[in-house]
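Enquirer: Below are the chains, spelled out letter by letter.
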Amino acid sequence: MTDPNRERYRIRETAFYLFTQQSLPACKPVLTPGWVITIFLFMGLIFIPVGLVTLRASHSVVEIVDRYDIECVPESSRIDKISYIQDDSIPKNCSRFMKVRKYMKAPINIYYQLDNYYQNHRRYVKSRSDKQLLHGRKYHDTSSCQPVELNNGQPIVPCGLIAWSLFNDSFTFIRERAELKVNRKNIAWKSDRDHKFGKNVHPFSFQNGTLIGGGKLYPKIPLSDQEDLIVWMRTSALPSFRKLYGRIEEDLDVDDVIVVNLMNNYNTYSFGGKKKLVLSTSSWLGGKNNFLGHACIIVGCSSLVLAIVFTLLHLKYRRPYGDTSYLPWNRKSLSG
Amino acid sequence: MAAATSRTRKGKIRWSKLYSFGCLRPSTSEEHPADRVGQLGFTRVIFCNEPYLHRKKPHKYPYNNISTTKYNVLTFLPRALFEQFRRVANFYFLLAAVFSLFSLAPFSRASLIVPLIFVVGISMIKEAIEDWHRFLQDLDVNNRTVKTRMSNGVFVDKPWKELRVGDVVKVNKDEYFPSDLLLLSSSYEDGVCYVETMNLDGETNLKIKRCLEASLCLNDDEEFSGFKATVRCEDPNPNLYTFVGTLEFENESYPLSPSQLLLRDSKLRNTDYIYGVVIFTGHDTKAVRNSTRSPSKRSRIERKMDHIIYILFSILVLVSLVSSIGSSLFLKHDMVDWWYLLLPDGSSLDDDDDLFFNPSKPVKSAVLQFIRALILYGYLIPISLYVSIEVVKVLQKMLIDKDIELYDDVTRKSVQARTSNLNEELGQVEMILSDKTGTLTSNQMEFRKCSIAGISYGGDITEVDLAASTRMNANLEPFEFSMDETNRATRSFELLDFSVSSFSAQNGNARLLKTEEPVIKGFNFRDDWLMNKNWIRGPNLSDITMFFRVMALCHTGIPIEDDNRKTDKLSYEAESPEEVSFLIASQEFGFQFFRRTQSLMVLKEFDPSSMEEVEREYKLLNLLEFSSSRKRMSVIVSNEDGRIFLLCKGADSIIFDRLADNGRTYEQATALHLSSYAEDGLRTLAFAYRELEAAEYERWNTTFTQAKATIGPEREELLEQASQMIEKDLILLGVVAVEDKLQKGVPECIDKLAQAGLKIWLLTGDKRETAVNIGFACSLLRQDMMQFHLSLSREAESNNEVKAMEEDILQQIQCSYKLLCEEGNNEAPYGLIIDGKALEIALRGNIKDEFLQLAVNCASVICCRVSPKQKALITRLVKQYTGRTTLAIGDGANDVGMIQEADIGVGISGMEGMQAVMASDFSLPQFRFLERLLIVHGHWCYQRISKMVLYFVYKNVAFGLTLFYYELYTSFSGEVLYNDWYMTMFNVMLTSLPVVALGVLEQDVSSDICLQFPALYQQGPRNVHFSWSRIIGWILNGVVTSLVIFLANIYILSPTALQRNGFVTDMNSLGAITYTCVIWTVNCQIAIITSHFTWIQHLSIWGSILLWYIFLLVYGALPPDLSGNAFQVLIGVIGPAPLYWMITMVVVVVSLLPYFVHITIQRSFYPMDDHVIQEMEKCLKKDDVRDNEMWVREQRNSQRSTSIGFSARVEAKVLSFSQQMQQKKLSIYRSVTNSPIYRSITRTPFS
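Sequence lines, in order, name chains S and R.
Counting along the first sequence from 1, when you hit position 191 you're at 191 in my numbering, and nothing is skipped either side.
Position in the second sequence (from 1) plus 336 gives the number in my numbering.
Derived by calculation from the structure, the hints in this document are not laboratory data.
In this text, a Cβ means the ideal position worked out from N, Cα and C, and glycines have one as well.
A portion of the hints provided could be inaccurate.
Straight-line Cα separation of at most 30 Å, DSSO-like style, residue types lysine-lysine; simulated pairs [to be verified]:
id, chain 1, residue 1, chain 2, residue 2
1, R, K1205, S, K81
2, S, K274, R, K668
3, S, K138, S, K81
4, R, K1103, R, K940
5, S, K276, R, K668
Examples of chain S residues lying across from chain R (beta carbon under 10 Å, computed) [said to hold, decoys possible]:
id, residue
6, T32
7, Y117
8, H121
9, D192
10, P222
11, K243
12, L285
13, K288
14, N289
15, L292
16, A295
17, L312
18, L313
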């Protein structure tokens, strides 16, 4: 009664046959109490050390934060900060003092931090032209740059709201009367400098219009070298963000006092944004952030606790492995 | 030559002379509604033999081709598109795509349109392929050929599809009628032919059709040269049993009746050929008109899935509302101050028409933002859910089709899932409505047992007895009541012979196997006493001889000489397969019926006195035909000595009522045998005879002839009375039991299905006795079951008053239900048997509910004599009333309604008819495959699809909500955290393969274990895997996951540096990192769900994660024009940062932790069935002991609660055995203790 077809099929005991018969060799992990406890223990043992290491890295980072947006407005103008900032005739110089509490090893990153600044607003984010940044005026279509697109019929390079609102506070750092050398190179991603901002693209007709936004650019320097712009144009993800300004390439000792001479040009007063200056070293994990370390330790600890709780529960309410009394037919008979 | 002679001989018999009822019905006697011809609804005119007249109007009728396809080339695109966009989700995505053409959408056009085209395209391709298969099937039917008369007078093969109204066709034996034909003549002289209508109404007995006397002469090819006639008849309608028309032939008009109409899909049987004229073609035929277009069915899970989609839509609308309101609030209060946005102030309209952020029109902006948000959060709606499910189902279907265990060697067919929509529905079936003939039984009768003169022969032990006794072996010593082997009478009384238990199980199985393959078709009987002619030495010789004569003479069969026969054995043809089996049996016993002429029946008899074979002629005087109301059939014959006998066979109750006082010698013993035969599911008939005095016969014959000659409605009554007069004072000879051969594996299959908690209803067009027999044979009924019989009482039926009938049935139902409720706690199960007429009443408005309530509470329900329409109606009502998933299984066109109506329709493809298969969702070559299909594949598919859908929901919620959270940080401006193409890839590539692998290959337990623990199937009907609590749970899990991913990312990454060089994260890198976490999490989540890892799962899960990195690499390596903000994001920005990799690890672990804790708790303390069985399996694998005690015990335990099926019967049998044992022991003990010997022994001190 055997069918040749069937025989032929059977002979091909290949992977395909096993697949069609749904009998491929398979691993069928079953979550046994032993496994559960092992997994939790293992997680605890991994996460706590990792958390500690991370925390240590985070603690090794020294960070000095100084909010200057209010302090840098003269007492007299503090009632109407907006008109102060918008009045070009008033000099915007300001000096701040920063005390180094802990030894800071070079390079020390200088950030400016803006809070409550929605660089991620859709209208803002979209208002740029990547092609124009790369190809300059050769690329004509700047419609994506609305509303900062044209000036007197001429395309603005770089166009768009982002470039137009370029941050323009500037900082100089003086330690013991000597100016600290600030390296303003290499503050943007290499990929951006090399591939996204044109080497032959020069700002044209930038900030020449009726409405002037933020900073200006040097018309002679190609965009690929205007790293402030490149950094600025990497829009931040959240309304509170830091951007790299430069690096101090000298170590700072404890109790050093650094005088920061800054030009407080940028208007954050109209929308109540904060401006901060941040000096920070970095570790292999980046900046100072304890969250990850804490998270790791919490997860690790709770895993350990869970492991213990499960062990205790199993000792108390032990369900034998493969206990048949839990099967529905047995349960039914138990209940009635 | 032999064939030719047989044909001519057969041709000489005028059947009309033999039959007393029914057939010979003077056509003029009846009131014929032919006057209506020509009026409205009866306007059809057919010019016979002039088909060319039907090529143009007004008599243009369609060709004979049929089409069951859903689409054609032109309608495919619009209709298929319409079907696709009828789904809410697809329509939503269509809208989104349309919006993307304007600036409304937050994404690029391509990223919205590409997935939609992909998804819809795949679904449409699937539709097209399925329709193509349907088309091929139609083509197959349409290209069958039939001999058709061409204009030159020659009959040539012509494909069915080219047949036209008016064509004259010749249909040969065992061919299907290509369309509805008007019978002109047949190979029989009197123009009758036999038609098998099983495909239409499921009745297995052959129907006789007769042509008009006028057209009798047209029985040769040449006769048609000048044939011209006109038929005027009713318009096409679906009514199978009516036909009104007239035939105008040779200037005379003859009324036509349904008995001249041969319907499409029925088959010519026992007749060499017929000639006919095509009356209705193609879609006009009654069979096609009767079939409704198969409805598109959707599974329960899919319907529930819609609700889930609605929930997700509500979430979508909710978050969109939050977004739009938030946006307008920001716009009004804050955004105006954000000089860096250069918002239009409303005064200069032309400058900038950014309508989304127009502070002067906050409402309009809010509305636009709302629409944009609807599109933005579209990732909450799993766009690829439908397409993934479809892909998965097609693959599942392929695996079902390919399963070698579902391959039938005999028919060389395999199980076919004809639609892939219902795979998971197979796992939720609670009720099976089964047809009988061709589904459970193979429509083959086998002679199994007989009881002659009070002694039972061929009394093999049944499988139930065997199984019960082997089971009892465990705790019983072989307990033999060794009676004298020669004493047959006592042996046959000792039906429950305990010597059975001395067979070892192996021996028993071997025995059973042997008996399963009868040497002679239709004869499965083993008894040396009868077979080896030992009976001539026994008592009651004359009765035994007479018994065999009844068997050989009382029938309507005719012998057929095989052309290539080797022995002198004949084969027979008769109206019913039962009769054939009797004839074969009597031939085996030495009473060969070998010739029949008009009035003579010739037997080759074994003469016990001379010990040799003699040829005896019997003159056939009268034949009182079998009918379902009479339930008996008699012949009156005179033998060579001139003695006149009435030989009668019929249902036992009828015969027993008509016994003479001196004919009841064997009544008691026979009745005992009857009941045991019936319990085994055998169909029984009692044989009796009576000798008639010549004078008495003459007297009666005149009455009978008078009655026969009567014209008018009272004729039947007169005939009935006449036969009553003569069929009395019978002498009982014995009973025969034939087995309506069940298909292979049917009882076992039903047993397993019952253990799986399924209820099985039997719906059959056959008569009650047959249905009940089959109920016993396949263990749906058993002896200790309480049976409720619902049927119309005779008075109610005769009055024909609806009111009375309703009351009658209602009362019966209420009585039964009361009984059922009273003894509800009793272990004894109930069986309900209801016949078609009662059912018709019971299914009416007010009684319906009560009836269904009763029926649902019975362990098994058997409906007999139900019409195809009623089958469909029952199915619908059961479905509606109980809300349970029903599966209908059948093989013929009569089951089509039911198959279409049920949640799942299954067609048996083993037989020739294709109607049921065409209408079905699954086709099986054999009923027994249902077991594996449901318990293994159904269970798996249910689990797979539900896991898959839930995971899909989870995955999209987890992903979609991160988009929403980000909105909170962007002042609801509609900015998206991720690159457009990341998101497009999400559903299409990065998370789709593991889901498909899960949906296709996941197994909670292996197929063997599914079959060993059918109770596991109950997970489906109880819907444990797709309950609302689970759905909500998964949605919450998605919410938690999205929160963890998003918050952890922004808190870790902002605002400090990402890596040592002090660079900070921007939008692009945050997007890529968060997205990495999402991909890892959802893919690891599926790894936790999966319990069956083959290399495919591993590849798809870990491959998907890897694919994300590859994608990021490749996409990032494209020039910035193309890659946009993802340019070199992996190698240049996030890749070198250790923080990135650490975040991935921590976030994945934390976001999976809640679910993991949940399942550990569940597994450890509240395990589900599959969990425990998995553990047991694992345990046993270690020990490698399959027949471990615990294993077997659990298997047994899982079977316990069933009340129907083989095991339940065995269980019951064991119970009754042990009770009897107890009694016997007691009686023996008593008899022993009472015996004087015992007393003497006990008195004597032995010690």
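Enquirer: Now, for every hint given, state plainly whether the structure supports it.
Expert: Right, here's what the structure says about each hint:
| no. | hint | in the structure |
| --- | --- | --- |
| 1 | R:K1205 to S:K81 | 87 Å, violated |
| 2 | S:K274 to R:K668 | 21 Å, holds |
| 3 | S:K138 to S:K81 | 41 Å, violated |
| 4 | R:K1103 to R:K940 | 34 Å, violated |
| 5 | S:K276 to R:K668 | 27 Å, holds |
| 6 | T32 | 7 Å, holds |
| 7 | Y117 | 8 Å, holds |
| 8 | H121 | 5 Å, holds |
| 9 | D192 | 8 Å, holds |
| 10 | P222 | 16 Å, violated |
| 11 | K243 | 7 Å, holds |
| 12 | L285 | 5 Å, holds |
| 13 | K288 | 6 Å, holds |
| 14 | N289 | 5 Å, holds |
| 15 | L292 | 5 Å, holds |
| 16 | A295 | 6 Å, holds |
| 17 | L312 | 12 Å, violated |
| 18 | L313 | 7 Å, holds |
Of the numbered hints given earlier, the model fails hints 1, 3, 4, 10, 17; all others are met.
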